[in-house]
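Visitor: Sequence:
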Amino acid sequence: PLWRSWRAILAQGGSDSVVRLGSWLIGGMAKGAAAAAAALEGAEASLAELVDLEDYYFGPDKDQKKKNAAETAVACADTALTCAEKPTSATSSKANCIKGRALSYLVGQERLAEELLSKALKLDPQMVAAWNALGEVYWNQQNYAQARSSFEQALELCGPNAAARRWAHDMPSVSLRNLSMVLRAIECEDLEKSNNFAAGLQRAKEATVLDASDPQNWETLGNAYMGEFFVNGKRYEELNKALIAYARAESAYEKLGKRNPFLHLNRGEAAKFLEDYDLALKSYAIAKEIGAAKGGDEYDKVSELVKRLAGMVERKGDLKAKRLKELTAGLPAGTCTLAQLRSKESGGKSVGARVVSILDRKDRWNPATCLQPGCA
1170 PLWRSWRAIL AQGGSDSVVR LGSWLIGGMA KGAAAAAAAL EGAEASLAEL
1220 VDLEDYYFGP DKDQKKKNAA ETAVACADTA LTCAEKPTSA TSSKANCIKG
1270 RALSYLVGQE RLAEELLSKA LKLDPQMVAA WNALGEVYWN QQNYAQARSS
1320 FEQALELCGP NAAARRWAHD MPSVSLRNLS MVLRAIECED LEKSNNFAAG
1370 LQRAKEATVL DASDPQNWET LGNAYMGEFF VNGKRYEELN KALIAYARAE
1420 SAYEKLGKRN PFLHLNRGEA AKFLEDYDLA LKSYAIAKEI GAAKGGDEYD
1470 KVSELVKRLA GMVERKGDLK AKRLKELTAG LPAGTCTLAQ LRSKESGGKS
1520 VGARVVSILD RKDRWNPATC LQPGCA
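Residue numbers (this note's numbering): 1170 to 1545.
These aren't lab readings, by the way, just hints derived from the structure by calculation. Here the structure is a predicted model, which is why all the values come from computation and not from measurement. Please note that the accuracy of each hint is not assured.
[Stated by the list, open to error] Okay, derived cross-link-like pairs now, EDC-like style, lysine to aspartate or glutamate, Cα gap no bigger than 16 Å in a straight line:
#1 Lys1234 x Asp1224
#2 Lys1236 x Glu1279
#3 Lys1236 x Asp1221
[Claimed, not checked] Estimated spans, in silico, between C-beta atoms of each pair:
#4 Gly1516 x Phe1227: 55 to 63 Å
#5 Ser1258 x Leu1281: 17 to 25 Å
#6 Ile1413 x Lys1518: 34 to 42 Å
#7 Ala1508 x Glu1361: 50 to 58 Å
#8 Glu1473 x Gly1426: 32 to 40 Å
#9 Glu1495 x Lys1231: 54 to 62 Å
#10 Glu1473 x Thr1251: 54 to 62 Å
#11 Glu1361 x Lys1494: 50 to 58 Å
#12 Gly1486 x Gly1277: 49 to 57 Å
#13 Glu1406 x Arg1492: 34 to 42 Å
#14 Gln1278 x Arg1523: 55 to 63 Å
Quick reminder that beta carbons are idealized off the backbone N, C-alpha and C, glycines included.
Using the sequences provided together with the hints, build the complete structure.
Guide: Here you go:
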């Protein structure tokens, strides 16, 4: 097949590989509908490589690798437009969608990406992948109203027959999880914000029902439960549900042979608020190992907090005898000490307690900016 020859040219490497690819396809060796199809297939492959680099690669040369993959995707898409004297509307819309999506992953190319995706949608207003990609461009620009409109349009077009869709970006679950993220990011009054977070949680749940194999759906659900905890009641069961969702995401990532540091950073936050410091430390350590520098910073903060807590317990809160007597004097009758409880000498009594000291963890977590999967 022609796309295998395309792969062979790129495998030779070198800064001019994209130019040589274009010359091979345009220079008379490949023409017509078959060549256009092969070029689009090559563009899709490069786009998939670019998405993988964005989500799962954290080496020091990440930006250059992304740039190379984006240039290849754009070159192949452009070639598909020149293989025939007059490309079909389907070819033109798909080529422009691929170019727009590829450029959306490069800093400073958002406006051009928006133009190309809008052009694709003028040619084919039913293209779900383009609506989702356009919404992600608006998301990156923090234009949440437009992003919401785009994702809702994509969802409306998805229809019930998800199995017939070819691109992952065509899937209704992608539109649902994107909409969940946008709803939780919109700045608004408290009541509307509360409703948005509840609606965002519902959309995330629906995404996992539609596609339980996609780790990003589970990760988004975990983030949505985190938001529900902070915005709508601070029920700790929401954090436990978030941890369950993160565990499902981790399992799904493992099946794909992938790891995402943002998942572990967010799971560390949930564990920290549940005071499960062992899980928090483990999560931050994994995030750092994958490539997120913030993981190391958070690991150090939790380690320091645990040391402070252990020190306070060991020193018995730095209480002087007189202060200890004052605190215990007002305890209700019929209580026992912790030592009595441990030795089973409490006789069914409850432990009497007083607040000795408060340690400020200095947590300032914003649920609207929880690290999200899937968007550039």
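Visitor: The structure should be examined with respect to each hint, and the outcome stated for every one.
Guide: For each hint, the structure was consulted:
no.	hint	in the structure
1	Lys1234 x Asp1224	holds (13 Å)
2	Lys1236 x Glu1279	holds (14 Å)
3	Lys1236 x Asp1221	holds (13 Å)
4	Gly1516 x Phe1227: 55 to 63 Å	holds (58 Å)
5	Ser1258 x Leu1281: 17 to 25 Å	holds (21 Å)
6	Ile1413 x Lys1518: 34 to 42 Å	holds (36 Å)
7	Ala1508 x Glu1361: 50 to 58 Å	holds (52 Å)
8	Glu1473 x Gly1426: 32 to 40 Å	holds (35 Å)
9	Glu1495 x Lys1231: 54 to 62 Å	holds (59 Å)
10	Glu1473 x Thr1251: 54 to 62 Å	holds (60 Å)
11	Glu1361 x Lys1494: 50 to 58 Å	holds (52 Å)
12	Gly1486 x Gly1277: 49 to 57 Å	holds (54 Å)
13	Glu1406 x Arg1492: 34 to 42 Å	holds (37 Å)
14	Gln1278 x Arg1523: 55 to 63 Å	holds (60 Å)
Every hint, counting from the list given before, is met by this structure.
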